[in-house]
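Protein chains in written order, with the working numbering: chain H, 1 to 464; chain L, 1001 to 1285; chain R, 2001 to 2330.
No lab work stands behind these hints, which were simulated from the structure alone.
This list has only true hints and no planted wrong ones.
Rough simulated footprint, nothing fancy, chain H against chain R, three-plus residues with beta-carbon under 8 Å:
| # | stretch |
| --- | --- |
| 1 | 2092-2099 |
| 2 | 2104-2114 |
| 3 | 2243-2251 |
| 4 | 2303-2309 |
Each residue gets a CB set at the ideal place from its N, CA and C atoms; glycine is no exception.
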Amino acid sequence: MRALAVIALIALAVLAPGAALADEHEAVQGTITDPDGEPLADLTITANRDGAEVGSDTTDEEGEWEIELPEPGSYDVELDLDTLPEGLAPREVGGEVLSGVEVDEGQQRTLIFQIVPEDEQEDPATEPEEPAEEEEAPPEGAETDSDTGVPGETETDLETPVPPQHAPFHERLAQVLLNGLQYGGIIAIAAVGLSLVFGTTRLINFAHGELVTFGAIVAFFVNAAAAGPGLHLILAIVVAVIAGALLGGGLDRGLWRPLRMRRTGRINMFIISIGLALFLRHLLLVIYGSRPNSYAEYQIQSTISLGWAEITPRDLTILVVSVIVLFAVALMLQRTRIGTAIRAVSDNRDLAASSGINVNYVILVVWMLAGGLSAFGGVMFGLTEVVSWDMGFKLLLLMFAGIILGGLGSAYGAMVGSFVVGIVAHLSTLWFPPELWNAWALLVLIVVLIVRPQGILGRKERVG
Amino acid sequence: MSDRNNATAALADVAAEPGVAKPDPILVADNVQRSFGGLHAVDVDHLEMQRGAITALIGPNGAGKTTLFNVLTGFDRGGSGDWRFEGKKMSRLPAHRVAHRGMVRTFQLTKALSRLTVLENLQLGATEQRGEEMFASVVRPLWRRQEREIIERADELLARFRLDHLRDEFAGTLSGGQRKLLELARALMVRPRMLMLDEPMAGVNPALTQSLLEHITDLRDEGTTICFVEHDMDMVMGTSDWVVCLAEGQVIAEGPPQAIGSNPAVIDAYLGKQHGAPPAEELTS
Amino acid sequence: MDYSSILTSGVYGALGPVAIGYVLAAIGLNIHFGYTGLLNFGQVAFMLVGAYGVAISVSTFGLSMWVGVLVGILAAAVLALILGIPALRLRSDYLAISTIAAGEVLRLFYRSSVAEPLTGGVYGLQRFGDELLDLNPVPPGIYEVGPLAFTARDVWLMSVGWGLVALVVIVVYLLIHSPWGRVIRAIREDEEAARSLGKNVYAYKLQSLVLGGVIGALGGMVFTIHQQSAHPDGFDPVVTFFLYTMLVLGGAGRVLGPVLGGLLFWFLMLSFDAFLRELMATGYIPPEILVPSDVGALRLALVGLGLLLLMAFRPQGILGNRREMVLDVR
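The following block holds chain H by itself, in its conformation from the complex (with noise of 0.2 Å):
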């Protein structure tokens, strides 16, 4: 009965469909920023037909314009350069006039100038390029609020040192190596606390990115934010750790334990992590905000040569740091109580508990250490790039990409899975475009799960 009705709530839906709100007009409409992104006022934007005029608009406050339409059919949309403020042009020579600009009935189309500094204008004559302009925002909006989508920007700015295209070839190697070596630091860092959570509850945590991004930000805002109190960068990171200690111990302690209290499916558990990621993420972009931003410190360096590399005294105290710490964590699992009490959780729960072991404090530790690590991790990536919503997203799959190389649920794996990842990610700039290096590191995990599942340091049996 339940399903006649729900085919009768269809068969309505196909006899009374609809998407677009019908009784708007046709219109071109934007937003014009500068190359920071900060909204561009008082612009001319003029839509001609046949050499005709038809509409005009300012740009507003907020560098917004829309230029009503009379009809669907095709359109010249031209931007004035005499409003343009000085200094400033069109990414590309002629770029403002978007010729040919096809507006269907009832569309509102979105069309997009984009504005560079003078200098870094591109002649279309040596790189032929389509008109920029985006179609229609989509409304389901997945991203509406951030920057992605916007058409020439990068997935991710390189900003360690590339050496010159004419370097030799020995040197680009050491260099990218290097690079490698200081992003495999950070990875493993952030993924140790992923890959314990893993190997003592079994749980695949979706959201651990957002706790990567957690540390950053609260680091942010205790050291560079203009409400914040200013501290030094090295007391935000002692700051942020705590911080992110406390979200993971209490995410266990209010989330994790009373679903495993509950005995909730392990595969409902990934679920909900990804609705807790969904959730967390996008309350940090509310609350930080769209735009990113850099710590107040160590920011500007020049770089020290190191024989054939060379790398900036903040990035080579990053990749010392990381591997100090990597190496206090192995420690700490190799000689300490709690240590062998996780590694004995991991091998095997039951046993554990039943050999007298706290089960539950034991996990909340591991909570506890991954929240610390991550934040710690997330801050090192923050300092290396630039702080933002998603970072931790971006990072995750990175992550994944780790702890399965390195063998699904061995801290140690995890670590040397990560390096690999980082590496090969940097390597890859060596011969294929840096925008790519994330999509490699992947890549390469897929590699893996095709020829060597169990991992790089995994034991050869059957895993399914």
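Following the hints, complete the assembly by docking chains L and R onto the known chain H.
Frame of chain H, contents of chains L and R only:
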């Protein structure tokens, strides 16, 4: 209750020694080995199982009984060796092909398909179903008649195992003993020539145990070969026609139940492993 | 407060092309996750190859849109095989991670400058659905149903879209209520048991992955053809998470679960959106607390919270059966 039946009679003249040849073996295994990280869990030189008989596989905990089962039935494909079923090579065949050949197993921890009904559990057991092909499945007329026949057969088995009142319940709601019966009935839907039962009596209350044992002997009398893993000697004595004892992965003794009960190697294996656990009256009977 | 405009935004959202595309993709995911128990966290990858199958065929190679549809379906099947052949032999965790990774790899590749000659890179591809629009038999004009108004183009595209949903639902119903469906549900419950009964579990899982993937590709095609625009960043991993929310909301492992869940999900999303904006416009929420640009993020935070609470307290969704759910021992 074990009257002298055909199988017992056929095995009467077979010597009670490890690896002995049987008059009409359905399963012949040679050099079956399986090791985990250097430890030989199974290391069987030669083993034959008589057609139409109930063979019990006994041994102390960790003797490798279940591992041997897993290797023979294709569930553990890390093993090596040669084994033939009804004269055809079956070593290293994947589990579903083993089942197609007619050797069907059950599990120590029953695997009821919880969110399928009892009837659906049985229906699943039927092989060569046309409707199980993806494209044919959408065209109902292609498989409707066969489905009706399958349901008829399933209903007969449900009645035989007294599960008919639970026909449309989810299998997950059944008690432990009912699940054992369900698993047995489901395995029979495959029309097995040999049933491999992994501890069929584990976790079943005594009343149900008795009826399970009767079902098993009935199946033997109808011509199905049965091999079961058991670690309680009690069960083995009354039911089986032949007993194979494993210890540390090797066959240390085989023979008719009475002979095995008094076999010093078997007593040693049990005493050594279990610190005096085996019931003495069984061993001396 | 203009409640009727809030509700109409919700209804437009629930019936619109994006909802249709997502519903189709969720039906595919239901076959994977709801019936076979496969943890596919990269359903968006199938949507992407489907959408770009059409877009590239038409916009880049000038082929017919119908050829493009075939290309998209084929691409989804190939993707399913490439992912499934290695990963389906492994534990379910591995499939989860490799599918989400594959989705990201594809998105990054499609938006890269390397692929730009084919895919238009970050600019995407436009205007590849004209053939479908040209078939529109609905006379031009505005069609009003109560407070809702649709153009002839909308009526046509919605009819095609929901018609496709109905067709797919019927096929899925037939598949699930057949011996084939019984086998994949058995695999969901316990692979080893299915194997012990002579079922080639691996082959069935592969079939399920291909079938659900192809349906996902159809979903990707539907909304990009409607928008006449395909952008790689519309295929973010978050899309898959939306699909899971829709599925769990409606009831995983129910034929109509993803349809009902999808309608409700989009209705709630867009009416919540309109509601918040209304609150801001009328000054109930002062700009110091929230600005309009926060609405999208807040909405997604709410989706996350909703998914979390649903999974924790009502994992069977609307159409599910509590009694059945407590038997879920995975």
